[in-house]
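J.: Given next are the chains, with one letter for each unit.
Protein chains: 2
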Amino acid sequence: MKKLLLSALMAATALFAPAQQAIWGVLPFLSPEVNPDNSVTFRFSAPDAKSVRVTGDFLPSVPTTTPFGSFDAPGQAELVKNADGLWEYTSPVLSPELYSYSFIVDGLRMPDPSNVFQIRDTSSITNVFIVPGDYADLFRVTDVPHGTVSKVWYPSPTLGMNRRMTVYTPAGYEKGDRSYPVFYLLHGMGGDENAWSELGRATQILDNMIARGDVEPMIVVMTNGNVDMEGAPGETSAGFTPPTTQLPHTMDGNFELHFPDVVKFVDDNYRTIPDKAHRAIAGLSMGGFHSMHISKQYPDMFDFIGLFSAAILPREGADSPVYADLDGKLARQFADAPALYWIAIGDKDFLYDANKDYRALLDSRGYPYEYRESPDGHIWKNWRIYLTEFLPRLFKNK
Amino acid sequence: MKKLLLSALMAATALFAPAQQAIWGVLPFLSPEVNPDNSVTFRFSAPDAKSVRVTGDFLPSVPTTTPFGSFDAPGQAELVKNADGLWEYTSPVLSPELYSYSFIVDGLRMPDPSNVFQIRDTSSITNVFIVPGDYADLFRVTDVPHGTVSKVWYPSPTLGMNRRMTVYTPAGYEKGDRSYPVFYLLHGMGGDENAWSELGRATQILDNMIARGDVEPMIVVMTNGNVDMEGAPGETSAGFTPPTTQLPHTMDGNFELHFPDVVKFVDDNYRTIPDKAHRAIAGLSMGGFHSMHISKQYPDMFDFIGLFSAAILPREGADSPVYADLDGKLARQFADAPALYWIAIGDKDFLYDANKDYRALLDSRGYPYEYRESPDGHIWKNWRIYLTEFLPRLFKNK
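Listed in order, the protein sequences are those of chains L and D. Mapping the first sequence onto our numbering, position 257 (from 1) lands on 257, and the numbers just tick up by one. Mapping the second sequence onto our numbering, position 242 (from 1) lands on 242, and the numbers just tick up by one.
If you are wondering where the hints come from, they were derived from the structure by calculation, not from laboratory data. Incorrect hints may appear among the rest.
Chain copies aren't distinguished; within one or between two, either way the pair holds.
[Said to hold, decoys possible] Restricting the straight-line Cα-Cα distance to at most 20 angstroms, the calculated cross-link-like pairs of lysine to aspartate or glutamate (DMTMM-like) are:
| id | residue 1 | residue 2 |
| --- | --- | --- |
| 1 | Lys175 | Asp267 |
| 2 | Lys175 | Asp261 |
| 3 | Lys50 | Asp106 |
| 4 | Lys175 | Asp268 |
| 5 | Lys175 | Glu216 |
| 6 | Lys381 | Asp72 |
| 7 | Lys396 | Asp336 |
| 8 | Lys356 | Glu370 |
| 9 | Lys81 | Asp106 |
| 10 | Lys276 | Asp300 |
| 11 | Lys381 | Asp134 |
| 12 | Lys396 | Asp214 |
Starting from the given sequences, assemble the full structure and let the hints guide the process.
T.: Here it is in structure tokens:
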């Protein structure tokens with residue numbers, strides 16, 4: 001009787017025939033399989049397909065030319081039909097990392113149907129896997145005390161709207177009465193308030209590094225930098241409208257000008273230590289641009305500033321008052337210099353020269369900062385690494 | 001200069017060539033497109049494909065036989081190549097609802113690459129869309145005050161592990177000092193702590209119904225009913241292991257026996273009204289089974305009980321003390337009868353007869369309950385409808 005009921009429950013749950021084998025727990029094969037030597041095997045069942053390829057950031061990238069210029073695109077590898085008629089490919093040994101991939105079947109890109117672990121990056125959805133070891137172990141959920149991750153709506157009087165953000169509170173927050181410092185962590189162009197907790201693995205990194213004692217317990221606030229949107233695609237009253245990176249008003253000064261609304265909401269609704277010494281701000285790419293401008297627009301707000309592959313662009317000519325008087329604002333910010341002004345970029349980043357120019361400007365004025373140069377370009381791998389390096393520096397040395 | 005930078009940022013973000021058009025905001029076509037008359041058009045670009053079909057719960061279901069028995073599977077419809085070489089299909093006019101679908105391209109099931117809105121149900125990932133109107137408007141994010149949705153870890157001394165759950169706190173919770181009633185909302189077999197907030201649209205339903213004044217502001221706690229797991233697939237120290245419904249220990253009494261750990265954690269960490277009159281419990285399928293057994297195991301805990309398509313199964317013979325002495329436990333539970341004992345099921349549900357037998361048992365003892373019979377079977381559509389009907393009944397009439 002029990003078995004019959006279970007079967008019936010499962011049959012009723014299995015809406016789609018191709019998923020039934022998986023849903024009944026009888027997985028015909030694993031894909032991807034991270035092998036003991038850290039090579040990875042991909043498998044795909046498509047008896048009638050003529051060609052199956054895998055593409056992803058674990059393969060050497062190849063230069064690609066588009067109407068917008070040349071950039072490095074992920075490489076591709078051919079799967080080969082094995083004796084059982086299953087398409088298969090085993091990668092070389094891979095370094096520890098979170099990787100993304102997709103299949104290309106007879107020219108059509110599609111996810112790996114054996115892998116339900118996917119991440120949306122703007123309008124791309126890719127499968128993900130983790131090759132363990134080294135800093136990639138920080139990306140894994142481990143058996144340590146876990147913080148709480150909340151999707152929270154805050155009012156912005158400046159923008160005249162309610163907006164969605166992600167808030168991480170460290171393990172023990174709910175029960176205690178302790179107050180915490182706050183780190184504001186901003187996404188790049190095309191991202192949203194989900195980007196750092198999903199592609200950035202910020203939740204896992206924080207849980208693991210706080211548990212190791214390497215990072216101060218802190219509140220982390222991940223905002224949405226697109227001021228035309230209430231929140232991430234699908235999470236707003238705009239409904240299921242397709243996401244796009246070509247949003248207006250992402251770098252027009254209004255995100256920067258509304259930021260005190262965010263800080264006020266957080267200080268009003270969470271147990272924070274509401275002063276400069278206990279506030280940090282950092283962001284990747286466009287978020288680095290935002291962090292640079294917010295921190296000089298409100299020089300008494302943040303003592304720890306991180307520019308990760310920042311889209312540095314002085315914008316003296318832009319309309320917003322935020323971008324006017326760069327020199328004067330930097331002078332005010334560095335008159336009481338931040339405890340940490342941290343600039344990081346990859347040596348292949350297309351923003352490398354812009355960052356070099358910005359460092360030269362800071363040097364010429366004698367403003368103190370720290371500089372970290374990594375290999376590679378404008379990619380999430382670097383931003384996750386920068387986060388693991390920036391976090392231990394926060395709210396110390398004062 | 002601005003245009004150049006934006007282009008470069010976007011190019012660098014666009015990892016995968018096939019996604020570039022979308023990522024640059026130049027959508028070549030929409031899919032799915034909900035037309036003004038509530039028909040829906042699906043579009044797909046695959047110049048070399050021989051056949052493209054769409055399958056989903058918006059199409060009439062077809063009886064399907066499997067080794068586990070017969071059940072109704074979603075139908076399929078053919079897309080036809082239009083003059084532009086694009087595959088296209090327009091559905092009949094659809095009733096307001098949240099629908100799921102996938103494409104089948106030359107026999108291979110795949111998601112709609114134009115639609116990033118997907119929901120995972122155990123090991124199936126399907127695209128979703130909403131046809132607006134009627135109760136489906138409750139599933140939409142609207143411009144009303146929004147509650148906070150948190151992923152929270154709680155300790156279970158009974159199970160000897162930390163476990164993940166989803167907690168909804170109503171708009172205004174953070175700032176106020178008011179205490180709230182608590183509704184425990186349980187998923188079915190193969191689901192997890194994400195099921196009700198994703199497939200169930202519980203967050204949107206609560207926001208909208210509370211804003212309309214139809215539902216009391218309340219805390220809603222969505223647990224994970226699989227006691228072998230810390231949390232949903234990919235969210236635990238088991239890593240990215242494929243999900244399966246064939247989990248052991250889902251209906252062996254241990255979930256029920258650990259439930260006081262959940263209630264204690266919630267009462268200790270949230271501003272609750274910690275008494276029977278201000279606690280409700282309901283669940284779908286296996287979660288209805290859990291709700292039935294938990295509420296009679298702890299008769300002083302819940303005053304509002306909902307069995308949605310419950311997997312009723314007396315299990316007198318099972319090992320757990322939870323399933324022993326059904327008669328005695330029901331007698332104790334109904335000695336101080338719950339304010340509401342609500343049983344709902346579809347007239348085509350394979351659990352219809354089991355529920356009928358259970359109602360006959362309650363009738364024979366004179367235990368009061370309310371009964372709601374709906375069309376259709378064991379499907380999410382019914383569970384979302386039951387939720388919208390059950391919520392307004394909670395924490396009233398006492």
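J.: If a hint holds in the structure, say so; if it does not, say that too.
T.: Comparing the hints with the structure gives:
1. Taking identical chains as interchangeable, the C-alpha atoms of lysine 175 and aspartate 267 lie at most 20 angstroms apart whether they share a chain (18 angstroms) or sit on different chains (11 angstroms).
2. For the homomeric pair lysine 175 and aspartate 261, the shortest alpha-carbon distance between copies (15 angstroms) is at most 20 angstroms, but the shortest distance inside one copy (27 angstroms) is not.
3. Proximity of lysine 50 and aspartate 106 under a CA criterion of 20 angstroms is satisfied in both settings, with 6 angstroms inside one chain copy and 11 angstroms between copies.
4. Proximity of lysine 175 and aspartate 268 under a CA criterion of 20 angstroms is satisfied in both settings, with 18 angstroms inside one chain copy and 8 angstroms between copies.
5. Taking CA atoms no more than 20 angstroms apart as the test, lysine 175 paired with glutamate 216 passes inside one copy only; the shortest distance there is 18 angstroms, against 25 angstroms between copies.
6. With identical chains, the CA atoms of lysine 381 and aspartate 72 are at most 20 angstroms apart within one copy only, with a shortest distance of 15 angstroms there and 45 angstroms across copies.
7. In the homo-oligomer, the alpha carbons of lysine 396 and aspartate 336 lie at most 20 angstroms apart inside one protomer (17 angstroms), although the nearest pairing across protomers, at 58 angstroms, exceeds that limit.
8. For a Cα distance limit of 20 angstroms, the shortest separation of lysine 356 from glutamate 370 inside one copy, 13 angstroms, qualifies, whereas the shortest one across copies, 71 angstroms, does not.
9. For the homomeric pair lysine 81 and aspartate 106, the shortest alpha-carbon distances inside one copy (14 angstroms) and between copies (18 angstroms) are both at most 20 angstroms.
10. In the homo-oligomer, the alpha carbons of lysine 276 and aspartate 300 lie at most 20 angstroms apart inside one protomer (6 angstroms), although the nearest pairing across protomers, at 50 angstroms, exceeds that limit.
11. For the homomeric pair lysine 381 and aspartate 134, the shortest alpha-carbon distance inside one copy (13 angstroms) is at most 20 angstroms, but the shortest distance between copies (45 angstroms) is not.
12. Taking the shortest Cα distances, lysine 396 and aspartate 214 sit within 20 angstroms of each other inside one copy (11 angstroms), while across copies they are farther apart (49 angstroms).
Violated hints: none; the structure is consistent with every hint.
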